[in-house]
Amino acid sequence: MKAFCRISLTILIAFCVCRAFGQAASFKASVSQTEIHQGERVRVTFDFQLQSDYKVRISDFKPPPFKGFQRYAGPIQQTSFRFENGKQTQGVQYSYILVPEGTGIHTIGPASIKLEGEVMQTEPLQIVVKAAGASDRDSESADSDETNLDRDIHFVLALSDKNPYAGQSITGTYILYMRRRNLYNALKPTDFPKFPGFWNQEVKLGDIKYKQTTWRGKDYYEIVLRKVVLIPQKAGRLVIDPFEMEVPIAVATGEYDFFGRSITRSETTKVSTGSQVVHAKPLPSAGKPPNFSGAVGRFKLGVELDKTALKAGESLALRVQVSGRGNLKLFDLPKPAVPADLERYEPKHSVSVKTTTGGLVGKVADDYVLVPRYRGTYTLPPVVFDYFDPVDRKYKTSTSKAYAVRVTQGESKDGDGQRPTASASKQEVKVLGADIRYIKPAGGLAPIEKKVFFGSKWYDGLLCIPLVLIGLIACFGKRLVHRGSVDGVKMRRKQAYKRLSQARKMLKKGDNQAFYAEIERALLSFISAALRMDKSQLSQASIREALAARNVSQETVVDLTQVLDQSQFERYTAAVSAPGMRELYEKAVAVITRLNRELR
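Position in the sequence shown counted from 1, then plus 192, gives you my numbering.
A few of these clues could be false.
Cross-link-like lysine to aspartate or glutamate pairs, in silico, DMTMM-like; alpha carbons within 25 Å at most [claimed, not checked]:
id, residue 1, residue 2
1, Lys555, Asp581
2, Lys779, Glu737
3, Lys306, Asp353
4, Lys555, Asp703
5, Lys396, Asp353
6, Lys220, Glu414
7, Lys540, Glu496
8, Lys700, Glu775
9, Lys588, Asp558
10, Lys686, Asp559
11, Lys555, Glu496
12, Lys593, Asp703
13, Lys401, Glu315
14, Lys462, Glu506
15, Lys499, Glu538
16, Lys586, Asp353
17, Lys521, Glu775
18, Lys259, Glu308
19, Lys492, Asp559
20, Lys401, Asp411
21, Lys593, Asp558
22, Lys555, Asp498
Hints are computed from structural coordinates only; laboratory data are not their basis.
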């Protein structure tokens, strides 16, 4: 009977042990790096995972002695409990940050843990410690590990291409890699860094999401924080500034609550992408078309007329459109050649472009209004558009078809009788007869005495009144005209300051296009008022010449030109930094203030 009890007890113990250990239990040790330099830090992690149908008791974790290392931090303990596909998984992880005491090959012995009274151990690890000096890792890895090794968090800027052509779109993706999903609360990225030498615009993303991935041979959680489209504006070496950010993470305290869950505290760690270098290649000079305007991408040209038959004096709509993918906002559309007898008005420019991860996609167009003067048939020659295809690495030309426009009614240029005329023949005046008879000069009558007004003093006095009035009008009219002109100048200057105030409102709203438009209008309104020139006469050359004639300083003229150039260039740029816009606004105010002082 005793023998039977011993056998039954042995079978029961074996069944319990098998149930505990037969559920895919693992206890592994790992290191962040197997080769380091003297003075660098290394993370050692002991990870226990168990799939089980019920909760088991894990106890008595014992780390190795860590001979040859100093303990910098640890143990950092994290526990987990997951239920996936009908299976329960329990886990516990212990991490240590170590600093080597000397060079050579160091062995980290096995750690042990008890599972339901049974002891499990990890395999020993070896770490090679080299003398202090230049690291064998690349600079990006060194900067990232040196800063974030103690938290296993890395912030990276991934570029789609580090050697694009000047004008070619590339995508920059800001990614946060984390070994554990231990964000304490929502991330709050700071403002984007500046991108000197690049046109840039941010791509709109949805909510921040975790994604499991492998990075540098290890398992990480990936979080895509931001994406930006970058277009190098010139060839050469371009440096992207670092993007720094503070990440709030949850760190285990080693304590547990009533339900056995690990108690954590919030800590903030600072991460940085480091600087990135882009080497932009110049566009090839061989085969470059003479009318190339800087278009880089893959495009399609379209030219449309709303009608091909009309009367003289009626309007004709002509659209020149380029669609596709590339730097759509950064080049000029080709101008159509129009016969001299068709009046062409300045076009209305329209932009319908989306910013995607592949760059700018959409279309830009110029809409012209043409008005024929005379009847006849006119030929609109083909429109030619040249661009550079970075995929095929060559220049391409897109050509539209020619259009014939018939003007069916109206004046003829050659004067063939169709021109409306209004003529009246002069009639000769004939003398039909004479009906004047001789009047007898003397009839014996005596004249009646009467005062004659003509030639009198009153006549002479009244005759002087219009001359006096003309003199008064000439004297006071000039003053009134001058006063009206001065009042007009003051009113237009007031309008310029009102536009500056409107630009400030657009700056606060973040409306880039409206902001730059108001800055440009404010400057041109002020200059038009100060120089008493019509806005249609204003150009940079005429403005510089007029200001020089008024003895305005060269520094003020240069600053004015720079503000006008920047506002016109950035008007269609969607992603400009707020500090840059504020700087331009302050510069515009300073320029107008100096002009107001120097033009008095």
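Right, here's what the structure says about each hint:
no.	hint	in the structure
1	Lys555 x Asp581	holds (17 Å)
2	Lys779 x Glu737	holds (22 Å)
3	Lys306 x Asp353	violated (51 Å)
4	Lys555 x Asp703	holds (21 Å)
5	Lys396 x Asp353	holds (20 Å)
6	Lys220 x Glu414	holds (23 Å)
7	Lys540 x Glu496	holds (15 Å)
8	Lys700 x Glu775	holds (13 Å)
9	Lys588 x Asp558	holds (21 Å)
10	Lys686 x Asp559	violated (34 Å)
11	Lys555 x Glu496	holds (14 Å)
12	Lys593 x Asp703	violated (39 Å)
13	Lys401 x Glu315	violated (35 Å)
14	Lys462 x Glu506	violated (67 Å)
15	Lys499 x Glu538	holds (19 Å)
16	Lys586 x Asp353	holds (18 Å)
17	Lys521 x Glu775	holds (23 Å)
18	Lys259 x Glu308	violated (29 Å)
19	Lys492 x Asp559	holds (17 Å)
20	Lys401 x Asp411	holds (16 Å)
21	Lys593 x Asp558	holds (17 Å)
22	Lys555 x Asp498	holds (19 Å)
In the structure shown, a violation is registered for the earlier hints numbered 3, 10, 12, 13, 14, 18, in ascending order.
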